[in-house]
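Asks: Residue numbers (my numbering), protein chains in the order written: chain A, 1 to 615; chain B, 1 to 111; chain C, 1 to 208.
Hint data in this document are derived by calculation from the structure and do not stem from the laboratory. Incorrect hints may have been included.
With a cut-off of at most 27 angstroms between alpha-carbon atoms, the simulated DSSO-like pairs for lysine-lysine come out as follows [to be verified]:
#1 A/418 to A/495
#2 B/78 to C/136
#3 A/495 to A/280
#4 C/11 to B/21
#5 A/280 to A/426
#6 A/418 to A/538
Keep in mind it's a predicted model, so treat the numbers as computed, not measured.
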Amino acid sequence: MATDVSTLHHAPAKQRRGWLEWITTVDHKKIGIMYAVTAFLFFVIGGLEALLIRLQLGSSQNAILTPEAYNQVFTMHGTTMVFMAIMPVNAGFMNYFVPLMIGAGDMAYPRMNAMSYWLLLFGGIVMYSSFVFGGGAPDAGWFAYAPLTSTTYSVTRGMDYWVLGLQLLGVSSLAGSVNIIVTIIRLRAPGMRFNRMPLFVWMSFVTSFLLIFALPSITVGITLLFFDRNFGTNFFLPAAGGDPLLWQHLFWFFGHPEVYIMILPAFGVVSEMLPVFSRKPIFGYEFVAYSGVAIGVLGFTVWAHHMFATNLGVIADTFFAAASMLISVPTGVKIFNWLATLWRGELRFKTPMLFSLGFIAMFVIGGISGVSLAAAPFDLQVTDSYFVVAHFHYVLFGGAVFALFGAAYYWFPKITGKMMSERIGKWHFWILLLGFNLTFFPQHMLGLQGMPRRVWTYQQNQGWDFYNLLSTIGSFCIAFATLVFIVNFIISLRKGAPAGNDPWDAATLEWATTSPPPAHNFDVEYIVHSRRPLWDNKYSGEGRGMTINYDFHPHLPPPSFAPIIFSFGLFVLAYGMLNLASAPLIGIPIILVALAIAFVGMNRWVGEIAQDPVL
Amino acid sequence: MAHGHDEHAPIEHEAHHSHAKLYVIIFFILLVMTGIEIAIPIVNETVLHMAKQLEVALLLALMTIKGAIVMMFYMHLKGDRRMFGTLFVFPIVCVLLMMLGFFALFQPELW
Amino acid sequence: MAQAVVRDIDKNDPGRGLDLRKLGMWTFLGSEVFFFGALVVTHLSMRGVVAPSSSKTNLNVEGVRELFGYNVLTSILAFILLTSSLTMVLALDGVKTNNQKRFRFWLGATIACGLIFLGGQVYEFYHIVHEGVTIKNMMFGSTFFFVTGFHGTHVAVGIVWLTSLLVSAIRHPERYNAGNYMAVELGGLYWHFVDLVWVLIFTVIYLI
Numbered sequence: 001m002a003t004d005v006s007t008l009h010h011a012p013a014k015q016r017r018g019w020l021e022w023i024t025t026v027d028h029k030k031i032g033i034m035y036a037v038t039a040f041l042f043f044v045i046g047g048l049e050a051l052l053i054r055l056q057l058g059s060s061q062n063a064i065l066t067p068e069a070y071n072q073v074f075t076m077h078g079t080t081m082v083f084m085a086i087m088p089v090n091a092g093f094m095n096y097f098v099p100l101m102i103g104a105g106d107m108a109y110p111r112m113n114a115m116s117y118w119l120l121l122f123g124g125i126v127m128y129s130s131f132v133f134g135g136g137a138p139d140a141g142w143f144a145y146a147p148l149t150s151t152t153y154s155v156t157r158g159m160d161y162w163v164l165g166l167q168l169l170g171v172s173s174l175a176g177s178v179n180i181i182v183t184i185i186r187l188r189a190p191g192m193r194f195n196r197m198p199l200f201v202w203m204s205f206v207t208s209f210l211l212i213f214a215l216p217s218i219t220v221g222i223t224l225l226f227f228d229r230n231f232g233t234n235f236f237l238p239a240a241g242g243d244p245l246l247w248q249h250l251f252w253f254f255g256h257p258e259v260y261i262m263i264l265p266a267f268g269v270v271s272e273m274l275p276v277f278s279r280k281p282i283f284g285y286e287f288v289a290y291s292g293v294a295i296g297v298l299g300f301t302v303w304a305h306h307m308f309a310t311n312l313g314v315i316a317d318t319f320f321a322a323a324s325m326l327i328s329v330p331t332g333v334k335i336f337n338w339l340a341t342l343w344r345g346e347l348r349f350k351t352p353m354l355f356s357l358g359f360i361a362m363f364v365i366g367g368i369s370g371v372s373l374a375a376a377p378f379d380l381q382v383t384d385s386y387f388v389v390a391h392f393h394y395v396l397f398g399g400a401v402f403a404l405f406g407a408a409y410y411w412f413p414k415i416t417g418k419m420m421s422e423r424i425g426k427w428h429f430w431i432l433l434l435g436f437n438l439t440f441f442p443q444h445m446l447g448l449q450g451m452p453r454r455v456w457t458y459q460q461n462q463g464w465d466f467y468n469l470l471s472t473i474g475s476f477c478i479a480f481a482t483l484v485f486i487v488n489f490i491i492s493l494r495k496g497a498p499a500g501n502d503p504w505d506a507a508t509l510e511w512a513t514t515s516p517p518p519a520h521n522f523d524v525e526y527i528v529h530s531r532r533p534l535w536d537n538k539y540s541g542e543g544r545g546m547t548i549n550y551d552f553h554p555h556l557p558p559p560s561f562a563p564i565i566f567s568f569g570l571f572v573l574a575y576g577m578l579n580l581a582s583a584p585l586i587g588i589p590i591i592l593v594a595l596a597i598a599f600v601g602m603n604r605w606v607g608e609i610a611q612d613p614v615l
Numbered sequence: 001m002a003h004g005h006d007e008h009a010p011i012e013h014e015a016h017h018s019h020a021k022l023y024v025i026i027f028f029i030l031l032v033m034t035g036i037e038i039a040i041p042i043v044n045e046t047v048l049h050m051a052k053q054l055e056v057a058l059l060l061a062l063m064t065i066k067g068a069i070v071m072m073f074y075m076h077l078k079g080d081r082r083m084f085g086t087l088f089v090f091p092i093v094c095v096l097l098m099m100l101g102f103f104a105l106f107q108p109e110l111w
Numbered sequence: 001m002a003q004a005v006v007r008d009i010d011k012n013d014p015g016r017g018l019d020l021r022k023l024g025m026w027t028f029l030g031s032e033v034f035f036f037g038a039l040v041v042t043h044l045s046m047r048g049v050v051a052p053s054s055s056k057t058n059l060n061v062e063g064v065r066e067l068f069g070y071n072v073l074t075s076i077l078a079f080i081l082l083t084s085s086l087t088m089v090l091a092l093d094g095v096k097t098n099n100q101k102r103f104r105f106w107l108g109a110t111i112a113c114g115l116i117f118l119g120g121q122v123y124e125f126y127h128i129v130h131e132g133v134t135i136k137n138m139m140f141g142s143t144f145f146f147v148t149g150f151h152g153t154h155v156a157v158g159i160v161w162l163t164s165l166l167v168s169a170i171r172h173p174e175r176y177n178a179g180n181y182m183a184v185e186l187g188g189l190y191w192h193f194v195d196l197v198w199v200l201i202f203t204v205i206y207l208i
């Protein structure tokens with residue numbers, strides 16, 4: 001369309017105010033904030049579920065929860081933390097900072113970006129609505145092993161809600177990942193070559209590829225499961241010729257890359273924070289970047305190490321054990337690079353730095369227990385025990401969550417323009433570190449003593465009382481630490497000291513703009529000449545890191561209702577699908593209404609594209 | 001939206017050169033190959049009596065060539081920017097490996 | 001044009017000058033490759049299980065092979081989808097050469113081929129169910145219906161997509177032209193991908 005270019009630089013036609021501004025926004029920064037806040041709410045909900053689990057297991061033969069309720073709570077704890085807390089917090093930081101770090105004005109597809117967020121929210125609502133409408137929440141674990149998921153063993157509608165919620169979350173992640181990939185390939189500032197991108201951008205790039213390659217596998221798996229539960233197929237039911245292991249293969253082919261999807265962005269933020277607080281560049285940039293790629297590739301070859309106990313055969317066991325151990329090489333490369341970055345640095349122990357260091361220490365513990373689990377003979381001894389629970393909490397909580405809290409402290413000034421309180425922040429860190437280790441370290445011992453995971457309770461004479469009590473006390477420390485964070489967040493938001501553009505004296509482009517950045521991110525165009533544009537400009541001489549092009553006209557797409565309408569259509573569609581088999585007379589009309597809503601959204605969307613061809 | 005080839009070129013509205021002839025030729029090549037594919041199992045059963053493995057290998061080879069032709073000419077990957085091809089072919093290679101992996105795991109007697 | 005604001009990366013950068021929407025389309029198709037890969041491998045892993053799960057059908061192994069194997073109908077379907085790929089690429093050729101008439105004719109022909117294909121598939125499903133194999137009573141049948149059903153769903157989505165293109169081309173003549181054909185090219189990429197999947201399904205499921 002040969003539109004006159006000058007007409008495109010006007011301010012967005014209708015700037016909406018108040019809550020409408022948030023509903024219609026296509027600004028990657030607002031969407032990033034919504035992602036992070038929503039994910040934190042789910043983190044709190046998932047944390048409350050964890051407290052219930054720990055209360056129940058605090059002493060032997062406890063009966064705070066019924067066995068049925070316990071199954072629901074631990075299933076929702078895992079599902080929430082994986083799909084609705086850690087992944088969307090990552091997505092939120094990526095949304096906010098990938099465009100800023102590469103010097104772009106927005107994501108490649110701003111409207112699709114908004115759709116990704118709304119589908120996350122709606123997916124979470126679908127899943128949690130099972131408590132109310134489904135007769136009970138999902139209760140077969142976040143791994144949903146067949147035949148526990150069959151209608152014989154999971155009698156409520158919970159697993160159907162789980163499937164449909166995950167479908168929405170899957171579409172959300174898929175769209176978000178395509179968006180990130182295209183943004184990184186295409187919207188980098190001039191001079192921002194691939195090998196000059198900040199490491200967080202590198203890790204976001206790898207993570208997004210992992211997502212688009214891994215998600216289809218679970219999409220197929222949960223669709224088969226939905227048919228098994230609703231339409232009488234027998235894919236996973238051995239009595240009728242199906243194969244429960246088929247589920248495990250499809251699930252873990254997604255599930256193992258998934259753990260890297262959760263941890264790689266954390267590696268990225270730590271690789272950003274450590275150099276800033278060590279006052280020297282990252283050691284071995286290429287190694288940190290490419291080891292992330294290597295982890296991503298190898299991550300697809302190790303899925304069956306979750307299945308050693310299913311008798312795959314010696315050759316398969318050997319292959320998957322060796323491949324899993326191989327992953328420790330690129331991971332180790334990263335850890336040594338981080339340590340070398342600290343070496344002889346001028347360390348400044350601000351809160352983000354403390355979290356980064358805590359991350360390294362905790363992740364190494366989790367990594368070492370991970371390597372030991374990769375050895376098939378050892379795995380057979382401790383599989384499905386609390387040793388495994390301890391392991392993955394060390395990498396996902398000690399790893400991902402520590403790094404993400406660090407990222408929150410690191411980037412809070414950029415997002416809000418205010419500093420977070422260092423004093424409360426340090427309290428937060430030390431209480432969290434203490435509580436975390438108190439909770440999860442004893443679980444190594446419990447596992448080695450043979451306590452199985454996913455059990456509702458245990459006998460008094462089994463000798464597991466003491467460590468379980470420690471673990472429960474620790475979990476309340478974690479809850480208290482999170483409360484401290486919330487208090488710090490609220491106080492800092494109201495009375496935090498003004499941050500200025502670049503409070504940490506950092507190196508990457510997001511600190512070149514104001515805090516918070518304007519809607520169009522940058523008033524000028526930066527032409528990048530180095531990996532550390534801000535530092536090189538400051539310390540090596542003006543123009544060494546980046547130069548400025550003032551002849552620059554940012555363009556922003558106008559706010560849009562289309563994404564939320566379309567997503568809402570899919571949300572309603574989920575409820576139609578739920579009723580399709582059990583009550584087609586209700587289900588089919590709901591599906592038709594849902595398709596009509598989605599069509600209205602899509603129609604608006606297409607119309608807006610015709611005016612302004614950005615998806 | 002004149003970004004078909006290079007958006008830094010001046011926006012061009014004049015018509016591109018037509019490739020209709022090439023597309024029709026490609027179509028007939030694909031048609032013949034599909035015919036051969038259909039014929040292979042029948043001929044093998046009645047006349048040739050090749051080993052089943054050889055038949056499967058032949059069919060897979062023909063399938064690969066057909067797919068490659070569709071991708072190169074109908075999806076324009078030939079002559080297009082390499083990034084597009086990479087984004088599409090890399091997953092195909094990965095999926096083939098994944099399928100081999102699944103196949104091996106589900107047929108342990110092959111080991 | 002919003003893309004006009006997309007700034008110039010380095011001269012030798014692999015991302016320079018790429019169309020944003022086409023880039024997203026290829027990325028998405030890369031994901032679809034994994035989707036169909038997982039579907040087909042499910043079928044291949046499970047096809048050995050021909051034992052009926054409930055004794056509603058009297059088919060033995062050979063009977064199942066015969067029922068699902070190559071027949072005249074499936075080769076007609078393959079032919080139709082192949083033709084639709086040709087018509088699609090001719091439609092794109094039409095819009096690129098500013099020939100609106102050819103563009104619309106071949107686009108309409110593509111949609112027609114898609115509809116015939118879907119009709120043929122419905123007939124095939126009906127036939128197989130009539131022989132006593134349903135999605136419920138045999139693993140071979142379940143996975144077969146799943147793979148071909150998902151492919152059919154993609155054909156249906158493609159038909160909706162191309163129809164909306166055709167409608168918009170008729171309502172706004174000259175909207176798509178030699179200077180603006182990306183929307184047609186994207187629809188075409190999706191359509192060819194669906195054809196590509198059929199190349200795989202035809203060989204792997206019907207012939208082997």
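Asks: Hint by hint, note whether the structure agrees.
Replies: Now the hints, each set against the structure:
1. A/418 to A/495: Holds, because 8 angstroms separates the two Cα atoms, which is no more than 27 angstroms.
2. B/78 to C/136: Not OK: residue 78 of chain B and residue 136 of chain C at ~44 angstroms, beyond 27 angstroms, violated.
3. A/495 to A/280: violated (32 angstroms)
4. C/11 to B/21: violated (34 angstroms)
5. A/280 to A/426: holds (23 angstroms)
6. A/418 to A/538: The hint holds at about 23 angstroms.
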